[in-house]
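Here's the letter readout for the chains.
Number of protein chains: 2
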Amino acid sequence: MAERPTIEFWYEFASSYSWLSVMRIEALAAGAGVEVAWRPFLLGPVFLALGWNDSPFNIYPPKGRYMWRDLARLAQKYGLPFRMPGRFPRSGVLAARVALLGVEEGWVAPFSRAVLNANFAEDREIGEAVVIGEILSTLGLPAEDLLARAVTPENKLALRAQTERAAELGLFGAPSFRVGDELFWGNDRLEDALEWARRSPAG
Amino acid sequence: MAERPTIEFWYEFASSYSWLSVMRIEALAAGAGVEVAWRPFLLGPVFLALGWNDSPFNIYPPKGRYMWRDLARLAQKYGLPFRMPGRFPRSGVLAARVALLGVEEGWVAPFSRAVLNANFAEDREIGEAVVIGEILSTLGLPAEDLLARAVTPENKLALRAQTERAAELGLFGAPSFRVGDELFWGNDRLEDALEWARRSPAG
Chain L
1 MAERPTIEFW
11 YEFASSYSWL
21 SVMRIEALAA
31 GAGVEVAWRP
41 FLLGPVFLAL
51 GWNDSPFNIY
61 PPKGRYMWRD
71 LARLAQKYGL
81 PFRMPGRFPR
91 SGVLAARVAL
101 LGVEEGWVAP
111 FSRAVLNANF
121 AEDREIGEAV
131 VIGEILSTLG
141 LPAEDLLARA
151 VTPENKLALR
161 AQTERAAELG
171 LFGAPSFRVG
181 DELFWGNDRL
191 EDALEWARRS
201 PAG
Chain X
1001 MAERPTIEFW
1011 YEFASSYSWL
1021 SVMRIEALAA
1031 GAGVEVAWRP
1041 FLLGPVFLAL
1051 GWNDSPFNIY
1061 PPKGRYMWRD
1071 LARLAQKYGL
1081 PFRMPGRFPR
1091 SGVLAARVAL
1101 LGVEEGWVAP
1111 FSRAVLNANF
1121 AEDREIGEAV
1131 VIGEILSTLG
1141 LPAEDLLARA
1151 VTPENKLALR
1161 AQTERAAELG
1171 LFGAPSFRVG
1181 DELFWGNDRL
1191 EDALEWARRS
1201 PAG
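Chains L and X, in that order, give the protein sequences.
By my numbering, the letter at position 191 of the first sequence is numbered 191, and the numbering carries on one by one without gaps.
Counting the second sequence from 1 gives a position; my numbering is that position plus 1000.
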């Protein structure tokens, strides 16, 4: 039996454009017959390696001003309710640690949508454990247990390894998509990446 | 009589993604019933104001490696013949000065396509007057006269003013598109910008 083609989806909970792709990828991938491999990671160490100690949208104000307007327009185009976050970027570390557990257990997609909506549609402090706990509970998941497992040394190390892998793969921003050895960067490349996967030999 | 909606098209002859938009914009704009106002400018001063003394694709190697692969893929998608330039970026100053004359006289579109093809499809030194002269001659234009008029103090000042205007408008990269007060950045926003223009009240 032929395997379905797969797209690796690299995203960060602090990232505004990751929000757009997290909200869109499942339906688009299903339509293209492509499996999604969710790869939460941290942009912070990747940016530090490029010499940025903050989001480039904060370091370069014209880029930042443009990004927020672009994001609002795209959210409207996609029918997503955008609300300007009171803080940017928010730490995605805890959310990413929890998301790794969700990858193992099969609930990473709804969890990721809920966290990114909390950040960019609800202006909630996703860096705080109480917010992540509420999100888990709303999804019917055992919040206390998962928050404890998220911060075990083993799970922390797993996220660090995933982030190091991102840098090794040449990633420099989020969202990014990989199909085989092909790298696609940006929410605006999601459709191209899925088309690449659809045309690739399966398996 | 209602005026047709207009898109301002800000581009730079050194810019790889400007190549893609210069090659695509006329047909897409015609299909959308939108006029194109060609705005050649220089990215160098804009980048300097952001703290970059070179193309960010050179300053940040992972971004640069990605850009060339992305460009090759997009060129294939659009049916454009890409050839990796032996030098990047090449100076677009002379080409932009000549292009300003082309805006006045109505030949800016074919001139811009020819120069950007020379840079990204033919690996020619578009910073050199002999190359720009050959391009003008091939288009049936008076090369010697235009090259002389390109470097008059008045025309140099006009390009400087246009570049300062770009910075005032919040531009930070090329290609960029403006529809009324709305700014769109990147070849991947060309279709969105045209759609915005199409839906805008004319005039």
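In short, the hints are calculated from the structure, not lab data.
The beta carbon of each residue, even a glycine, is placed where N, CA and C say it ideally should be.
There may be inaccurate statements among the hints.
[What the hints assert, rightly or not] If you want the ones that stay clear, here's a sample from chain L, every Cβ over 10 Å from chain X, calculated:
no.: 1; residue: P45
no.: 2; residue: K63
no.: 3; residue: D70
no.: 4; residue: S137
no.: 5; residue: E144
[Said to hold, decoys possible] Residues from chain L shown here face chain X by an in silico Cβ test under 8 Å; the list is partial:
no.: 6; residue: F47
no.: 7; residue: F57
no.: 8; residue: Y60
no.: 9; residue: P62
no.: 10; residue: L147
no.: 11; residue: R149
no.: 12; residue: P153
no.: 13; residue: L183
no.: 14; residue: W185
no.: 15; residue: D188
[As the list claims (entries may be wrong)] In silico DSBU-like cross-links for lysine-lysine, where the CA-CA straight-line distance does not exceed 35 Å:
no.: 16; chain 1: L; residue 1: K63; chain 2: L; residue 2: K77
no.: 17; chain 1: X; residue 1: K1063; chain 2: X; residue 2: K1077
no.: 18; chain 1: X; residue 1: K1156; chain 2: L; residue 2: K63
no.: 19; chain 1: X; residue 1: K1077; chain 2: L; residue 2: K156
no.: 20; chain 1: L; residue 1: K77; chain 2: X; residue 2: K1156
no.: 21; chain 1: X; residue 1: K1063; chain 2: X; residue 2: K1156
no.: 22; chain 1: X; residue 1: K1156; chain 2: L; residue 2: K156
no.: 23; chain 1: L; residue 1: K156; chain 2: L; residue 2: K63
no.: 24; chain 1: L; residue 1: K77; chain 2: X; residue 2: K1077
no.: 25; chain 1: X; residue 1: K1063; chain 2: L; residue 2: K156
Give me the numbers of the hints this structure contradicts, sorted from smallest to largest.
Of the numbered hints given earlier, those the structure breaks are 2, 3, 6, 7, 10, 11, 12, 19, 20, 22, listed in rising order.
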